Amino acid sequence: MKPWNPNIRVQAEPFDAAHESQRLTAGRNDVGALVTFTGLCRDEGGRLAALELEHYPGMAEAEIARIAAQAAERWPLMGLTAIHRTGKIAPGEPIVLVVTASAHRKAAFEAAEFLMDFLKTKAPFWKKEHHKDGASGDWVDARDADDDAADRWS
Amino acid sequence: MRPVKLRYFAWVRERVGNDEEEIELPDGVADVAGLMTWLAGRDEGYAAAFAEPDVIRAALDQTHVDHDAPLAGAREVAFFPPMTGG
Chain A
321 MKPWNPNIRV QAEPFDAAHE SQRLTAGRND VGALVTFTGL CRDEGGRLAA
371 LELEHYPGMA EAEIARIAAQ AAERWPLMGL TAIHRTGKIA PGEPIVLVVT
421 ASAHRKAAFE AAEFLMDFLK TKAPFWKKEH HKDGASGDWV DARDADDDAA
471 DRWS
Chain B
371 MRPVKLRYFA WVRERVGNDE EEIELPDGVA DVAGLMTWLA GRDEGYAAAF
421 AEPDVIRAAL DQTHVDHDAP LAGAREVAFF PPMTGG
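First to last, the sequence lines map onto chains A and B.
When the count follows our numbering, it moves up by one through the first sequence with no breaks and lands on 474 for the last residue.
When the count follows our numbering, it moves up by one through the second sequence with no breaks and lands on 456 for the last residue.
Read the hints as simulated data drawn from the structure, not as lab findings.
Only a predicted model underlies this, so the values are computations on that prediction, with no experimental measurement involved.
Mixed in with the good hints, there may be bad ones.
[Unchecked claim] With a Cα cut of at most 27 angstroms, we get these calculated DSS-like pairs of lysine-lysine:
(1) A/452 <-> A/426
(2) A/426 <-> A/448
(3) A/426 <-> A/442
(4) A/442 <-> B/375
(5) A/448 <-> B/375
(6) A/452 <-> A/408
[Said to hold, decoys possible] Here are a few chain B residues that sit away from chain A, every Cβ distance over 10 angstroms (derived from the structure):
(7) 376
(8) 391
(9) 397
(10) 415
(11) 422
(12) 429
(13) 442
We put the beta carbon where it would ideally sit given N, CA and C, even for glycine.
Could you put together the complete structure from these sequences and hints?
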């Protein structure tokens with residue numbers, strides 16, 4: 321039950337969420353549910369000029385692949401795309417994309433949420449804030465709420 | 371003694387002052403926790419990076435591990451803060 325490979329990319333360039341969604345359903349009539357999640361850079365009340373995303377090349381792709389494989393074991397998915405951007409990202413721009421395809425909505429919704437919970441807590445990416453006043457700000461702290469969200473799947 | 375590549379990310383990298391280096395693993399340093407203790411004794415930057423070892427995450431050959439993981443056979447050891455991607 322897995323004649324497909326997840327589409328995993330780590331890239332500096334923006335992505336086109338609509339195009340990525342269409343790729344998972346193009347030419348097939350068996351997909352009944354498609355969930356697309358896009359994570360965006362917030363301006364944090366106007367004080368943020370950009371987020372800078374550092375990553376561990378090689379491990380980032382490998383870790384996302386491990387998370388995707390777990391999702392594919394757990395839910396009857398028909399396709400999966402995960403794209404994470406790196407480098408400087410301005411408020412309003414997309415950072416991360418997860419798309420899941422399945423026959424029914426429950427699997428697609430749950431798998432997308434699972435992927436995001438583990439992308440946030442296991443994939444080796446770190447955010448640094450750049451402030452509008454020109455100051456290079458702090459590294460973003462990991463949130464306990466994100467760990468709790470990931471823990472509920474175990 | 372054997373060569374190991376060390377990699378540092380985010381504020382661990384900034385405090386160490388280097389993103390990667392090759393070291394000879396000293397005899398007696400057997401696991402991730404032992405390596406952090408040894409690194410912390412090298413200079414002020416390393417001491418600052420590893421001042422709170424419980425906070426630091428580690429990976430051996432690009433796979434997450436706990437601090438009691440043995441270093442035997444590992445070619446690349448990475449240290450970094452908790453992840454904040456997504």
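Which constraints among the numbered hints does this structure fail? Numbers only, ascending. Checked against the structure, the hints that fail are numbers 1, 2 and 12, while the rest are satisfied.
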